[in-house]
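Modelling step: build the complete structure from the supplied sequences, incorporating the hints.
One-letter residues, chain by chain:
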Amino acid sequence: MPQVKERPKPFLFPEFCKGCGRCISACPKHCIAMGEEVNPMTGLVPVVLDLEQCNGCALCIDACPEPYGLQPTPAEVADFELQDPEKLFGLRHTEAPAPVDIPDEWIPLPACEPLVIKGNYAAAIGALLAGCRHFFGYPITPSTEGAELMAKFLPKLGGTYLQAVSEVATVNHMYGCGGAGLRCMTFTSGPGFSLMVEGISYMIGAEVPGVFVNIMRGGPGLGNIAPEQSDIKLACRGLGHGNTHAVVLTPSTPQEMLDLTLLAFDLAFKYRNPVIVLGDGYLGQMTGKVKLPPKMLKPGLPSWAVYGDEMHRKNLISSIDLDEHDLELHNLDINRKYEAMKSEARADLFMCEDAETVFVACGTPSRMAKGAVEDLRKEGIKAGLFRPLTVWPFPLPQLLPLLPRAQRIVVVEASPGQLRDELLLALSQEGISKYPRIESVTHMGGILPQQHEIMAAALGRQEALQEVHA
Amino acid sequence: MSTTVFYDRFERHSHGQGLKGHATHYCPGCGHGLAHKFLAEAIDELGIQNRTVAISPVGCSVFLYYYFDVGNSQAAHGRAPAVAIGHKLANPESIVVSYQGDGDLASIGLAEIVSTAQLGVPITVIFVNNAIYGMTGGQMAPTTLMGMKTATSPHGRDIYMGKPMKMAELIAGLDGPIYVERVALFDAKQRNRAKKAILKGLKLQVEKRGFSFIEVLAECPTHLKMTPEETEKWVKEQMQPNFPLGVKKDLTPDPWFEPPKPSFEIDQLLKVVGASSDAPIRSAKGFPSHIAPHDIAIKLAGSGGDGAQTAAMLIARAGINEGFDATHIPSYGPESRGGTSYADVHVAETEVLNPAAPAPHILIAFNAPSLAKFGPAVKAGGTVLYDSSVIHEVPKVAAGVRVVGVPFAQIAVDLGKAMVKNIVALGALHAATGIFPKETFLTAIRLTLKDKCALIPLNEEAFAWGIKSVEEPAN
Ligand code: SF4
Ligand code: SF4
Ligand code: SF4
Chain A
83 MPQVKERPKP
93 FLFPEFCKGC
103 GRCISACPKH
113 CIAMGEEVNP
123 MTGLVPVVLD
133 LEQCNGCALC
143 IDACPEPYGL
153 QPTPAEVADF
163 ELQDPEKLFG
173 LRHTEAPAPV
183 DIPDEWIPLP
193 ACEPLVIKGN
203 YAAAIGALLA
213 GCRHFFGYPI
223 TPSTEGAELM
233 AKFLPKLGGT
243 YLQAVSEVAT
253 VNHMYGCGGA
263 GLRCMTFTSG
273 PGFSLMVEGI
283 SYMIGAEVPG
293 VFVNIMRGGP
303 GLGNIAPEQS
313 DIKLACRGLG
323 HGNTHAVVLT
333 PSTPQEMLDL
343 TLLAFDLAFK
353 YRNPVIVLGD
363 GYLGQMTGKV
373 KLPPKMLKPG
383 LPSWAVYGDE
393 MHRKNLISSI
403 DLDEHDLELH
413 NLDINRKYEA
423 MKSEARADLF
433 MCEDAETVFV
443 ACGTPSRMAK
453 GAVEDLRKEG
463 IKAGLFRPLT
473 VWPFPLPQLL
483 PLLPRAQRIV
493 VVEASPGQLR
503 DELLLALSQE
513 GISKYPRIES
523 VTHMGGILPQ
533 QHEIMAAALG
543 RQEALQEVHA
Chain B
1037 MSTTVFYDRF
1047 ERHSHGQGLK
1057 GHATHYCPGC
1067 GHGLAHKFLA
1077 EAIDELGIQN
1087 RTVAISPVGC
1097 SVFLYYYFDV
1107 GNSQAAHGRA
1117 PAVAIGHKLA
1127 NPESIVVSYQ
1137 GDGDLASIGL
1147 AEIVSTAQLG
1157 VPITVIFVNN
1167 AIYGMTGGQM
1177 APTTLMGMKT
1187 ATSPHGRDIY
1197 MGKPMKMAEL
1207 IAGLDGPIYV
1217 ERVALFDAKQ
1227 RNRAKKAILK
1237 GLKLQVEKRG
1247 FSFIEVLAEC
1257 PTHLKMTPEE
1267 TEKWVKEQMQ
1277 PNFPLGVKKD
1287 LTPDPWFEPP
1297 KPSFEIDQLL
1307 KVVGASSDAP
1317 IRSAKGFPSH
1327 IAPHDIAIKL
1337 AGSGGDGAQT
1347 AAMLIARAGI
1357 NEGFDATHIP
1367 SYGPESRGGT
1377 SYADVHVAET
1387 EVLNPAAPAP
1397 HILIAFNAPS
1407 LAKFGPAVKA
1417 GGTVLYDSSV
1427 IHEVPKVAAG
1437 VRVVGVPFAQ
1447 IAVDLGKAMV
1457 KNIVALGALH
1467 AATGIFPKET
1477 FLTAIRLTLK
1487 DKCALIPLNE
1497 EAFAWGIKSV
1507 EEPAN
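Taken in order, these protein sequences are the chains called A and B.
Using the numbering used here, read the first sequence as starting at 83 and increasing by one per residue.
Using the numbering used here, read the second sequence as starting at 1037 and increasing by one per residue.
Check each hint, because a few of them may be wrong.
[As the list claims (entries may be wrong)] To give an idea of the chain A side of the interface with chain B (calculated C-beta under 10 Å), a few residues:
1. Met123
2. Asp132
3. Cys136
4. Asn137
5. Gly138
6. Ala145
7. Lys238
8. Leu239
9. Gly261
10. Gly263
11. Gly301
12. Tyr353
13. Leu374
14. Leu404
15. Tyr517
[Stated by the list, open to error] Label pairs and their computed distance ranges (CB to CB):
16. A:Leu409 to B:Gln1304: 44 to 52 Å
17. A:Lys111 to B:Pro1295: 45 to 53 Å
18. B:Ser1050 to A:Ile529: 52 to 60 Å
19. B:Gln1154 to A:Val130: 45 to 53 Å
20. B:Gln1304 to A:Pro156: 54 to 62 Å
21. A:Gln135 to B:Lys1269: 19 to 27 Å
22. A:Ser385 to B:Asp1303: 28 to 36 Å
23. A:Pro90 to B:Gln1154: 44 to 52 Å
24. B:Arg1482 to A:Ser385: 32 to 40 Å
25. A:Glu512 to B:Gly1083: 42 to 50 Å
26. A:Ala233 to B:Asn1278: 37 to 45 Å
27. A:Asp183 to B:Pro1493: 53 to 61 Å
28. A:Lys111 to B:Glu1243: 49 to 57 Å
These are computed hints drawn from the structure, not numbers from a lab.
Note that this is a predicted model, so its numbers are computed, not measured.
Note that beta-carbon positions come from the ideal geometry of N, C-alpha and C, so glycine has one too.
If you want it as structure tokens, here you go:
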């Protein structure tokens, strides 16, 4: 080759030209002109090149907005118009390898004495043991303490604590960090959780895991900062637009704050879906005995992550799908996941074997109900406590065996009936129409149902029953 | 120049079928294509294709991920910078590009872009400003020019709609960013500058120096209802005077972004959470069932500085150290800020069922209102301890309730530290009820003060005085 320095002239597949003409004004040699013939494949009119005067300056190429529009002519190609662009340019990039899972590793912990810590503290430790080293959050009472603890702990563990500009930013930080395949979380409370549900819908659509600990407070609106179970409906039925669900866990002791937060991360990654932990201010502040689990997690990296390295270059985190058929298929896949999540339904049963009065309660009100069960038993009343640890999915399989013996169900909750609604929905979705009368002991506004009220409800009804029998 | 950063075939564009496998979804002459090309070329030139994560926005460029053969993440409307930060902090070695249009960045995503820019973490933002909403069909954008007619400003943007946002200047005014430039695409010279700016923005990130922001004045021929050539002219003649081109900020700080790597060291983790294998010394012979068979309820009540919560926590800790279950809940709600401070404690042989203590076995009252409020609720046969240095009147209590006055505050003041009155109260609790042995309390106190050892002798003395004043009341 004598003229090594000769610059390649442009060439163009007419079917990849949109006929915008931006190359025309870019060419100082007037080599390019508007075409006159409609390209039958595109219905557009491509430009025509007359390269006699062309000096290979490439200005036209720089002006062309189409990736496969004007290109420098490859050296050895003669009849390029017959060829496919893929083959024409040879192997154009290094092929990214197929991503594989880097497995998680459980590391055994030495036996430790129980800690004496608050519920919020326990949830934060649960997250650390689950391998979470990234926290994003916005301060809101009564959840702030959890965030403060993470701010204190994480720098000592090489982790990242970022105070976001808002809850909206928080959930999107989580979308990014979870999308990169890492375990991240936030602590929030009702009004903040409301702001996050937009992003939770995106996370569900894009199948991004993440853990949300919502320390619920009184609502609606600004409400107050006292404990209410105000967000059961939002967490179970209202996670943003579209076909959304997430496992919703309801701890009731500091120990469960740890155990269920740990579980939340497991489930989030198992299903590639957000998981919600619903606590309340009372539980967050409650100090109790907390045992550490026998092991902690050193996370690997899932194959689907967009981590920003060679192995994961192929991946995409996205919730958009323009094709109706594809989006329906995606929703069917999501539904299959929701169906599978039903196997995660959990409940704790206390003195339920022979219970005629079955209390249904979760979170802090279940503690008052538990106290009531013990005292009612002393009075000779066969009471039991059915305590959902997941309110979505509702643990109906665990409840059904109790129904034949139960004379009534008393739902105890610090909400106008959000837990009762979940129970009723679960029953009706299973097509169960025969169940005992469902009564309620409820409080709102930050007042918790008290043990004596629960007992009074139970005793009052018992007496009424006895009167009927007499 | 051609680049290898675009996919060979755009499989995500209608499954790569037909022409869509090699053509963008953009309208003829759209500026996005050029911005994409320059970005792809810069990624190529820096050799960072494997490390790059591109964040697609909502708007016409929502499908950026159709084209770029890099890690892709598609964000909610306006949130791309927040998503970008999530990716960058997850893997600090990744090179993260947040690509946004004007509605996305300068309207719905203002909080995200401003806070991210100020945060200054090295990411690169490409902001394509074409003065209009493209994807939704030509509505007014925050950057729409005054007088410009759009679908939602049919009579032209007027003063009631506010003036166009100059984002490059706004971002450059923040302390976070290190490099801000506004470029354009309307002629060869501007395109060359645009290329260089995008390359520079990425390079600063690769070098871990900081946040960069490149605003690209781009053409939307479709919604300007002009030919691409006319649109180029319009950007040059109409947009440019409103959005002056050029560098708005250019610093080259030393590389700094080296966040620590996550640690999964067991010892470090246990230390951080305060866990230990050392079993506490146990002194109790068994559960103090002389107070209640399986579950003892205690209420402590006073005002903010009385230390009721600390004392409550110490009782719970003492109970747990002895192998029992225990809970402590502080009073909750606005009243806790109004100066009053209540705590409910339970100590149970196996499990605390209900942690609330509306009718306690034991009340410790630090002031008169607390005693008046909770004294009558104490269970028959229970115990009331109150601060006799501030309370002079005792309300009616249930039958068989033992009422013991101890001058908690006076003793503490005499010891030279008013704060230890709660420890005096614990001494009194031990002496009056025998709930736990003395050593149990002292162990809990020492454990709690293990980082402030100097305070231990004073607290031990306060505890001893509490015992003494129950066993040998002064008068
Ligand atoms: S390479 Fe230069 S001279 Fe040749 S057609 Fe393109 S712009 Fe014109
Ligand atoms: S700039 Fe590209 S797409 Fe536009 S007319 Fe020229 S070759 Fe065709
Ligand atoms: S509507 Fe405007 S911005 Fe959107 S693709 Fe078309 S020309 Fe580009």
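Hint-by-hint comparison with the structure:
1. Met123: Methionine 123 of chain A check passes; min Cβ-Cβ to chain B is 6 Å, inside 10 Å.
2. Asp132: violated, 19 Å
3. Cys136: violated, 15 Å
4. Asn137: Interface hint status for asparagine 137 of chain A: violated (14 Å vs cutoff 10 Å).
5. Gly138: violated, 12 Å
6. Ala145: holds, 7 Å
7. Lys238: holds, 5 Å
8. Leu239: holds, 5 Å
9. Gly261: holds, 5 Å
10. Gly263: Because about 7 Å separates glycine 263 of chain A from the closest Cβ in chain B, which is inside the 10 Å limit, the hint holds.
11. Gly301: Glycine 301 of chain A check fails; min Cβ-Cβ to chain B is 15 Å, beyond 10 Å.
12. Tyr353: violated, 19 Å
13. Leu374: Status holds, d = 6 Å.
14. Leu404: Holds - the Cβ of leucine 404 of chain A comes within 10 Å of chain B, reaching about 8 Å at its closest.
15. Tyr517: It is violated, given that the least Cβ distance between tyrosine 517 of chain A and chain B is near 26 Å, above 10 Å.
16. A:Leu409 to B:Gln1304: 44 to 52 Å: holds, 46 Å
17. A:Lys111 to B:Pro1295: 45 to 53 Å: With a Cβ separation near 52 Å, lysine 111 of chain A and proline 1295 of chain B satisfy 45 to 53 Å, so the hint holds.
18. B:Ser1050 to A:Ile529: 52 to 60 Å: The hinted range 52 to 60 Å holds for serine 1050 of chain B and isoleucine 529 of chain A, with Cβ atoms some 57 Å apart.
19. B:Gln1154 to A:Val130: 45 to 53 Å: holds, 51 Å
20. B:Gln1304 to A:Pro156: 54 to 62 Å: holds, 56 Å
21. A:Gln135 to B:Lys1269: 19 to 27 Å: Roughly 25 Å apart at Cβ, these two residues keep to the hinted range, so it holds.
22. A:Ser385 to B:Asp1303: 28 to 36 Å: Roughly 31 Å apart at Cβ, these two residues keep to the hinted range, so it holds.
23. A:Pro90 to B:Gln1154: 44 to 52 Å: At 45 Å between Cβs, range holds.
24. B:Arg1482 to A:Ser385: 32 to 40 Å: violated, 51 Å
25. A:Glu512 to B:Gly1083: 42 to 50 Å: violated, 58 Å
26. A:Ala233 to B:Asn1278: 37 to 45 Å: The hint (37 to 45 Å, Cβ to Cβ) holds, given that alanine 233 of chain A and asparagine 1278 of chain B are roughly 43 Å apart.
27. A:Asp183 to B:Pro1493: 53 to 61 Å: At 57 Å between Cβs, range holds.
28. A:Lys111 to B:Glu1243: 49 to 57 Å: violated, 39 Å
Consistency with the previously given hints fails for numbers 2, 3, 4, 5, 11, 12, 15, 24, 25 and 28, ordered from lowest to highest.
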